Every structure is written in C-alpha cells, then in structure tokens.
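*Asks:* So you can see what is in the structure, the chains are spelled out below.
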Amino acid sequence: MTGCMASTKNLNPKADLHYDASYDFSDKTKIVDRLVTPLLKAPVFPVQEKPILIVYPVVNETSEHISTGGITDEIRMKLVQSGRFRFINESQRENIQKETDYQSQGYVDPAMQVEQGRQLGANYILSGTLRSIKKEQPEQMRLFKKERIYYSLDLSITDLKTGEIVYADQAELAREASKPIIGW
Amino acid sequence: MVKLRVILLVSILLSTGCSSLPLQKARNEFYSGDLAKADHILEGCKGISEKDLLLCYMEKGLILYYQGAYEESTAVLLKASQFIKSQDQISVTEQSSAVLVNDNVNTYKGEYSERLWVHTFLMMNFLLQYKYEDALVEAKQALEVYDEYPGSLADDHFTRALIALCFENMNLPDDARIEYEKLAGEMGIEKFIAEPIAPGKGELVLFIAQGRVPTKVATEIVLPPSTRLSIPRYTDASPPLPVAIRSDGMTLDPQKISTDLGQTARKSLNDRSAEYLARQALRAGAKEAIAQKVGENNEVGEVLTRAILFLLEEADTRSWETLPGGLTLVRVTLDSGVHDLEISSEDSKTTQLNGIDIPEGKRVYRSLRF
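Which chain is which? The protein sequence lines are X and L, in order. Numbering follows the working numbering, with no gaps: position 92 of the first sequence is 92. Throughout, the working numbering is defined as the position within the second sequence, counted from one, plus 1000.
Calculated directly from the structure, the hints in this document are not laboratory data. Incorrect hints may appear among the rest.
[Stated by the list, open to error] Below are the DSS-like pairs computed for lysine-lysine, each with C-alpha atoms no more than 27 Å apart in a straight line:
1) L:Lys1349 <-> L:Lys1256
2) X:Lys145 <-> L:Lys1079
3) X:Lys135 <-> L:Lys1182
4) L:Lys1109 <-> X:Lys135
5) L:Lys1079 <-> X:Lys28
6) X:Lys134 <-> L:Lys1131
7) L:Lys1140 <-> X:Lys145
8) X:Lys134 <-> L:Lys1085
9) X:Lys28 <-> L:Lys1131
10) X:Lys28 <-> X:Lys146
11) X:Lys146 <-> L:Lys1085
12) L:Lys1182 <-> X:Lys134
13) L:Lys1140 <-> X:Lys146
14) L:Lys1051 <-> X:Lys145
15) L:Lys1109 <-> X:Lys145
16) X:Lys179 <-> L:Lys1109
17) L:Lys1079 <-> X:Lys179
18) X:Lys30 <-> L:Lys1140
19) X:Lys28 <-> L:Lys1140
20) L:Lys1079 <-> X:Lys146
21) X:Lys135 <-> L:Lys1140
22) X:Lys179 <-> L:Lys1051
23) X:Lys179 <-> L:Lys1085
24) X:Lys9 <-> L:Lys1079
25) L:Lys1109 <-> L:Lys1085
26) X:Lys98 <-> L:Lys1131
27) L:Lys1085 <-> X:Lys135
28) X:Lys28 <-> X:Lys41
[As the list claims (entries may be wrong)] Which residues of chain X face chain L? A few of them, derived with a C-beta cut under 10 Å, are:
29) His65
30) Ile66
31) Ser132
32) Pro180
This structure is a prediction, so every number in the text was calculated from the model and none was measured. Beta carbons are placed, not taken as given, at the ideal position from N, Cα and C, and that holds for glycine.
Extracted from the complex, chain X is given alone in its bound form (with noise of 0.2 Å):
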C-alpha cells in the first residue's frame, strides 16, 4: 500500500548527490568553493583597493548542456559578499541605459535625475570555462558499463588596461559510474 504512494523529501543541496557519472548541482557548489576560496587569498590584489571586476558567463566546452550561468552567478556572489570587490553588471547594461534614457526625457524630477555618464569603469575581467572528458568502458563481456567523466573549471583574471592574465587557477572532479547492461 505505502509502496504505491508519490513522495518527496528536502535535499541538502551541498550533500553529494549522484545518480550517474554526469555534472549535477551538488558539483556545482563545491567547484565554486575550490576556486573562490584561494582567489580571496590570493597576494594579486592590493588590500586596500577593492578592484572593480566585470564577470563575462563561464563557457561550457563540456558534451552536456549545463547552465553555466548558475556557476558564473555563485562565483560572483560570494566574492561580493567578499566585500574585496566591486563588480560592474554587465547583464543590466540595456535595462540601466534604458531607465537613465527616461530619466534624461523630461518625465523625471531634474534633482532626482541619474546623471549619465558616471558609471564605473572594469578594471579587470573574471572569465572561466568548463570542460569536459569522457571515457566509456571498452566493450567486452561484462555485466556493468562503467563511464568515467572529468571536469575542469578553468577561472582567469585579466588586466583590462595591459591584456595580461594576473591570476589563473583550477577546479577539477573526476567521477565514475557503473549501470546493469541487463535490466528488466
């Protein structure tokens, strides 16, 4: 009876959780941990400045269609709540350009206008990329296929004024996964 019954249960979602070889979002956390924690520490940065970042989305190379966009969000966050950077929003670019446009049409209080031209200028660049490889047992006799994937996050700041790469680091996972050729 009880066995027939639809369920649901809360998950932690930084307890690892997979059902196969593939990324998933407990992977997600624990990469952005690996590659945040040693960039709040790095020496690159003088303390006393807090350097304004402009973070383009991390790129997936990998053979899965995975929201990089949730990795690209998690790193900017916790540098923010860092507090050791500045980050202009480049994804609020069009919406801030149209709200100061109205702003400037006449419709808007003169003193409580936005003045244009007054925004922050980058002075680094935060990109990363996502790749992956995958490796599927040789077929022979067997009972289980086992696959084995590994990924890596590669993260890199560049100098807006000079081009030069000022920090480079990497978040790896490698996992593997075995199913039943024969199932029911």
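Here the structure of chain X is known, so what remains is to put chain L in place on it, guided by the hints.
*Replies:* Structure of chain L alone, referenced to chain X:
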C-alpha cells in the same frame, strides 16, 4: 488448455502493429503539406505507446523544425536524445517477448543513423538560434555516436562538416581541423580547407534538405513447414541532386557537402543485421517447438497455432519517416550587406531568399527543404 493458448496468440496478434496510427496520420499530413495538422496530431505524444515514444519525439521534432519553430523543436528533440540514452540497457522482458512474437514488441531505440541525426537536427536548431555553446554540446554528443558506430556512419559527411562548423564558431580551430581531416579521409580527398571569414565579408550557411528518406519494408522468406522470416530493409531512393546558388544575378560556386540519408540508413541497418537475424533464428526455433508441443495432443490446434505464429512473424519496419532523403551544407561567402539569393536544385525546384542581411565577420543561417 490448447484453446487458451490459441486465444492468447490471437490476442497478441491483434494487439501488435496498430498502436502507431497517430504517427502515420501525422506523417501523411506532413507530406501533404499541412504541418500544423501534423504537429497537432502528435500533441504531447498522447495515445502513442511507450515503445514508439522515440518515433513520436523524432517525428514531432522534425515537424516543428520545418515549421520554423526551432525552440520547440529543440525541446522535443532533446527528449528524443534523453530517451535514447535511457534505453542503453537490454530488457529481459522485451527480449523474451520478441523471441515469441516479433521485434515490434520491443521499444524502438532508433537505428544508429537516426541516433546521430537527432544530434544533427539539434545542432541545426541551435545554430539557427545562434546558440553556439549548445550547438557545440550537440556536436560533442554526435561525435560520441560516430565513435560508437564508425563503420555505419562514415558516409554522413553533412553531420561531420556541421560538427567542424560548431568548433569554428566557438573559436576552437584545432578541434575543427581534426574534424576536417576526418572528413577529407571519409570523402577520399587529400585535404579539406575551411577558410576563415575575410575582412568585409560575411557567410551565409544553408541547410538544404531534399526529398524524403526511404522507408523500411519487409522481405518475406517462407520455409516449410510453416517458418516465415520477415526481414526489414530500406527501399531504394535516389541520392540528393546538386543545388545551384545565384546571388544578385550571379551564379556562385560555394563549398557544398552532402549526405545521402538513405544510403547511411541502409548501411546502419545492414550493420545491425547479425543482431536481428540471430533473434529471427531463435524465434523460428521457439515457434516450431510451440507448434510441435500443441500438435502432440491436438492436430487442429497445431494447424491453428502454426497459422497464428506464421502471421505473428512481422519485420520491424519502424523508422523516422519525416527525415529528408538528402542534406547539403552550403557555405556562401558574401560581401557584408543585403543580398537576394536564388537556390535551385537540378529538378528545377527553386527557392528565393530575399533581403538576407549579412553582417561583416558573421555567419547567418537558413534552412530550406525542397
């Protein structure tokens, strides 16, 4: 007891073969030109049995694609891709039923070529939406299918060239070069050169589909006393015809790479022949044993059983039928600006593409079907 067995066999006979009426209706509407009706028939793949679900996803994905509903087509073809992955297991229940009845009781998993073309159409869908990262994901998944069935798919030059294009779009020239080297080897030419877009120019990329893919039919072989072998094969079809491109009154000679889908599908089916012939042999033996067992007590029962088992033997002729017969990838380099183009095939079919805006250094994608 004999009566019960006969009733069971008759009910199996009646239950097989007619579960996919909506699929056939949708295909008929598609080829009569009513794509909206074809799409409506397969709404939510309702009424389609689980064993034909992949066919529904593939047919619906293509119907939406040729309606220009690329986002919706993508969503359905991604379901097809997921379904194929989920079927990566041998089902004991299905295999046992197939040994007694026929291969139509098995869940359709797609021919090797069809598994590849799910990714081909997903790549085209993403490119038409300028989603280059997603197109690259599909390119990599297509490469996995190529690696799994290299012999069956070597003639699909269109998909290989499309994969290389996806690498080019993501600024991965080394990966593109590797695919172009493989393509040259498969086409039997020394070198394949893909030029980068020159300053002041842009590129129009055309996905040209022609005709319709051959369907599967059964070849029947009858052996005494009552053994019937029913083997699937693809019908004959002519290869895609050459296409000519004219822009602003001038005939152009762009790079064209074609695949005869019928030829690749035929090769895929042939490469799987050992698997279905072994099952046929096993089935013929099992059916003969059943008939003899029934005949031990009842001669009329044996005759009836033999007749039913004979009728049950039916080749699995299911296939993805809305596919075109040929696909050609055309890459036309044009001066940046607005162009009028005329695309014609050798059988005098012509399509106009007017007012195509080609930005400098960019690629513009269009899909056509003759």
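*Asks:* Looking back at the numbered hints, which does the structure fail to meet, lowest number first?
*Replies:* Going through the list in order, the structure violates no hint and respects every one.
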